[in-house]
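All chains, please: the whole structure from these sequences, using the hints.
For the protein sequence lines, the chains are B and P, in the order given.
Numbering-wise (our numbering), the first sequence opens with residue 21 and increments by one.
Numbering-wise (our numbering), the second sequence opens with residue 121 and increments by one.
There's no promise every hint is true.
To be verified - Keeping only pairs whose Cα atoms sit at most 16 Å apart, straight-line, the calculated EDC-like set for lysine to aspartate or glutamate is: (1) B:206 x B:70; (2) B:206 x P:166; (3) P:272 x B:28.
Honestly, the hints are just simulated from the structure, not real lab data.
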Amino acid sequence: MTANNGGDKGTRNLVIIMVSFIVVVGVVFSLISSRSSTTAAIPASVSAEDGYGIVLNPTAKPTIDVYVDYQCPICKNFEILNGGYLNEVIAQNKAKVVYHPMTFIGPESILAANAAACAADENEFVGMNLAIFQNQSATENSGKWQGDAMLNIGKSIGIKSAKFEKCIKDGNYVKWTGNVAAASAKANVNGTPTIFVNGKELDRNTEYGDPVKFKAALAAGGVK
Amino acid sequence: MAGKFKVAQPWLTLGARLILGGVLITAGALKVGNLQKSAMAVRAYELLPVQLANFLGYTLPWVEIGVGLLLVTGTAVKISGLIGAVTMFAFIIAISQAWARGLSIDCGCFGGGGAVDPKDTKYLSEIIRDLGLFILGIYLYFYPKGRFGLDK
Numbered sequence: 021m022t023a024n025n026g027g028d029k030g031t032r033n034l035v036i037i038m039v040s041f042i043v044v045v046g047v048v049f050s051l052i053s054s055r056s057s058t059t060a061a062i063p064a065s066v067s068a069e070d071g072y073g074i075v076l077n078p079t080a081k082p083t084i085d086v087y088v089d090y091q092c093p094i095c096k097n098f099e100i101l102n103g104g105y106l107n108e109v110i111a112q113n114k115a116k117v118v119y120h121p122m123t124f125i126g127p128e129s130i131l132a133a134n135a136a137a138c139a140a141d142e143n144e145f146v147g148m149n150l151a152i153f154q155n156q157s158a159t160e161n162s163g164k165w166q167g168d169a170m171l172n173i174g175k176s177i178g179i180k181s182a183k184f185e186k187c188i189k190d191g192n193y194v195k196w197t198g199n200v201a202a203a204s205a206k207a208n209v210n211g212t213p214t215i216f217v218n219g220k221e222l223d224r225n226t227e228y229g230d231p232v233k234f235k236a237a238l239a240a241g242g243v244k
Numbered sequence: 121m122a123g124k125f126k127v128a129q130p131w132l133t134l135g136a137r138l139i140l141g142g143v144l145i146t147a148g149a150l151k152v153g154n155l156q157k158s159a160m161a162v163r164a165y166e167l168l169p170v171q172l173a174n175f176l177g178y179t180l181p182w183v184e185i186g187v188g189l190l191l192v193t194g195t196a197v198k199i200s201g202l203i204g205a206v207t208m209f210a211f212i213i214a215i216s217q218a219w220a221r222g223l224s225i226d227c228g229c230f231g232g233g234g235a236v237d238p239k240d241t242k243y244l245s246e247i248i249r250d251l252g253l254f255i256l257g258i259y260l261y262f263y264p265k266g267r268f269g270l271d272k
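This is how it looks when you write it as structure tokens:
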């Protein structure tokens, strides 16, 4: 009876130690891996001040921040409804637009965000952004974007450089997506899409799904 | 009646441990693989300062796994049950205030989280579920000793 109890107490303490170890290591690992990386390669059009987002028209005013996840269906709808107008604003230099590709839906979001960043290096971000959304799978995390999918999407809009291919295959900007995620966490973005004009968040219930209201919201923020 | 309870109690404790522990392990495990989403879920409650919410989002899943493992193995059940109950109580408060304030969020308990369409909120069922788990935790605090546990 005593020997049994002694053995059981040993096992019990061992379990407590092992569980504590798992929790401590897990917590430390999670906290470290959620931080921004100072050694991550970042695209030329990206700056830390803009939450590591991809910046179009860096000197224009006002600033529009767009937070999306490429696998998010509502983001695809947003792109279809309002992407055209937003691209006009970019082309006519009427605002500085910063895209923050978030990656919380799954690993394929990371593939897409990396591909968009690689395209930004080729000055093809706007086209790639649209092409990726047009190529979105009907279900999230379906595997559609594995393999050469991103490379083929780039080719379909005319990006043919070896540099782009290497960027996709090497996942040059995968670490950067972690920086975008950390910055989005600090900016308190909790769903996608989320749009800010000069730091003021648009109303997700009324202003994203209605092109007229979206245009009005941008105008109210100073987009002429 | 008291006699029947005395016979049943060790098995009830085992059951409570397995259910509460199992739910906690599952909830934690589903979240550790996607810390971005876990942090988003906590931030969406708009209850804590952003930095604290993020910290909780990154660390809570591990605590859930740890407490769940202790419960399932029947180790340090009294305190694990108490921690489980306190956690559930906190969730009930958080979900209730989100509901009362008209926020549209997924509770994020099992890996989802963040803003959702107003018609997709499931606050009542989430609160009832957490209430049941809360009761299990309190029960374990008072009756920590049961079948197949490492505590002696």
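Enumerated hints in conflict with the structure, sorted upward: none
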